[in-house]
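Q: Sequence:
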Amino acid sequence: TAAALRAIEIEADVLLMTKNKVDGVYSADPLKNPSAKKFDRLTHLEILDMHLEVMDATALSLCLENKLPIIVFDLQATRSLERAIIGDSIGTLVYSEKGND
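Heads up, the sequence shown is in full-length UniProt numbering, so the first residue is 1 and it goes up one at a time.
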């Protein structure tokens, strides 16, 4: 929640959310369920509706209310932070609604 609040306070363009050993948002925990489906793009509402465990619901709701996109990616992957910063397609993009991407 603190990261979402701070990103909103500084009017960040995007919240970069890193995970270890997981390269985005999945339908289930990919470390426990090898058949879990990775999502390239989702809205904040889709995450809430599907009860996906990406971040706490308060932080996700703050991002939704403020139309703050989130990029979820694996920090340990080669050049992942650099790729996220320069706008390469990496991990999962979480956005407010259609047209806000």
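If you're looking for bench data, these hints aren't it; they were derived computationally from the structure. Treat the hints loosely; a few may be bogus.
[Stated by the list, open to error] List of simulated lysine to any residue pairs, SDA-like, C-alpha gap at most 20 Å:
(1) K38 to A2
(2) K38 to L62
(3) K38 to V22
(4) K21 to N33
(5) K19 to L5
(6) K19 to E65
(7) K21 to K67
(8) K19 to L81
(9) K67 to D56
(10) K38 to E65
(11) K38 to L16
(12) K19 to P30
(13) K67 to M55
(14) K38 to I8
(15) K19 to F39
(16) K67 to A77
(17) K67 to K37
(18) K37 to S89
(19) K37 to I8
(20) K67 to G87
(21) K67 to L42
(22) K32 to I8
(23) K67 to V22
(24) K19 to E97
(25) K38 to L52
(26) K67 to L48
(27) K67 to I85
(28) K21 to R6
(29) K19 to R6
(30) K37 to H51
[What the hints assert, rightly or not] Quick list of simulated restraints, FRET-style, between CB atoms:
(31) D13 to L75: 15 to 23 Å
(32) E53 to R83: 21 to 29 Å
(33) L31 to I10: 30 to 38 Å
(34) I10 to P34: 23 to 31 Å
(35) K38 to D13: 32 to 40 Å
(36) R41 to R79: 20 to 28 Å
(37) N20 to T58: 31 to 39 Å
(38) E82 to P34: 34 to 42 Å
(39) R41 to Q76: 35 to 43 Å
We treat Cβ as the ideally placed atom computed from N, Cα and C, and that holds for glycine.
Q: Each hint: holds or not?
A: Hints and how they fare:
For the hint pairing K38 with A2, the CA-to-CA distance comes to about 26 Å; that exceeds 20 Å, so the pair is violated. Straight-line distance between C-alpha atoms of K38 and L62 comes to about 24 Å, which puts the hinted pair past the 20 Å bound. Straight-line distance between C-alpha atoms of K38 and V22 comes to about 10 Å, which keeps the hinted pair within the 20 Å bound. At roughly 14 Å between alpha-carbon atoms, K21 and N33 fall within 20 Å of each other, so this suggested pair holds.
Between K19 and L5 the alpha-carbon distance is near 19 Å, which keeps this suggested pair within the 20 Å criterion. This hinted pair does not check out: K19 and E65 have alpha carbons roughly 23 Å apart, beyond 20 Å. The straight-line distance between the Cα atoms of K21 and K67 is roughly 27 Å, outside the 20 Å bound, and the hint therefore fails. The hinted pair formed by K19 and L81 meets the criterion: a straight-line CA distance of about 11 Å does not exceed 20 Å.
As the CA atoms of K67 and D56 are separated by approximately 16 Å, the hinted pair is consistent with the 20 Å bound. Of the supplied pair hints, the one linking K38 and E65 is violated, its CA atoms being roughly 25 Å apart against a limit of 20 Å. Using a Cα cut-off of 20 Å, the hinted pair K38 and L16 holds, with the two alpha carbons roughly 18 Å apart. Under the criterion of a C-alpha separation no larger than 20 Å, the hint pairing K19 with P30 is consistent with the structure, at around 12 Å.
The hinted pair formed by K67 and M55 meets the criterion: a straight-line CA distance of about 16 Å does not exceed 20 Å. The hinted pair formed by K38 and I8 fails the criterion: a straight-line CA distance of about 27 Å is larger than 20 Å. About 15 Å separates the Cα atoms of K19 and F39, which keeps this hinted pair within 20 Å; it holds. Taking the CA atoms of K67 and A77, the gap is about 27 Å. The hint is violated against a cut of 20 Å.
With a C-alpha separation of about 25 Å, the suggested pair K67 and K37 falls outside the 20 Å cut-off, and the hint is violated. A threshold of 20 Å between alpha carbons decides the hint, and for K37 with S89 the separation of about 17 Å falls inside it, so the pair holds. Under the criterion of a C-alpha separation no larger than 20 Å, the hint pairing K37 with I8 is inconsistent with the structure, at around 30 Å. Taking the CA atoms of K67 and G87, the gap is near 18 Å; set against the 20 Å cutoff, the hint holds.
Of the pairs offered as hints, the one joining K67 and L42 holds, with about 13 Å between alpha carbons and a cut-off of 20 Å not exceeded. The suggested pairing of K32 with I8 is violated, with an alpha-carbon distance near 33 Å, which exceeds 20 Å. As the CA atoms of K67 and V22 are separated by approximately 24 Å, the hinted pair breaks the 20 Å bound. Straight-line distance between C-alpha atoms of K19 and E97 comes to about 24 Å, which puts the hinted pair past the 20 Å bound.
Only pairs whose Cα atoms come within 20 Å are accepted, and K38 paired with L52 is accepted, the gap being roughly 12 Å. Between K67 and L48 the alpha-carbon distance is near 15 Å, which keeps this suggested pair within the 20 Å criterion. Between K67 and I85 the alpha-carbon distance is near 19 Å, which keeps this suggested pair within the 20 Å criterion. A hinted pair counts as satisfied when its Cα atoms are at most 20 Å apart, and K21 with R6 does not qualify at roughly 25 Å.
Proposed proximity of K19 and R6 is supported: the alpha carbons are some 19 Å apart, at most 20 Å. Taking the CA atoms of K37 and H51, the gap is about 14 Å. The hint holds against a cut of 20 Å. Under the hint 15 to 23 Å, the C-beta atoms of D13 and L75, about 19 Å apart, fit the expected range. The given range of 21 to 29 Å is respected by E53 and R83, whose C-beta atoms sit roughly 24 Å from each other.
Between L31 and I10 the CB atoms are about 32 Å apart, so this pair conforms to the stated range of 30 to 38 Å. As the Cβ distance of I10 to P34 is approximately 39 Å, the hint placing it in 23 to 31 Å is violated. Between K38 and D13 the C-beta distance comes to about 24 Å, which lies outside the given range of 32 to 40 Å. Checked against the hint of 20 to 28 Å, the pair R41 and R79 passes, with Cβ atoms roughly 21 Å apart.
Against the hinted window of 31 to 39 Å, the Cβ-Cβ separation of N20 and T58 comes to about 22 Å, which falls outside the hint. A hinted range of 34 to 42 Å is violated for the C-beta pair E82 and P34, which are about 29 Å apart. Between R41 and Q76 the C-beta distance comes to about 22 Å, which lies outside the given range of 35 to 43 Å.
Taken one by one, the earlier hints fail for this structure at numbers 1, 2, 6, 7, 10, 14, 16, 17, 19, 22, 23, 24, 28, 34, 35, 37, 38 and 39, listed in ascending order.
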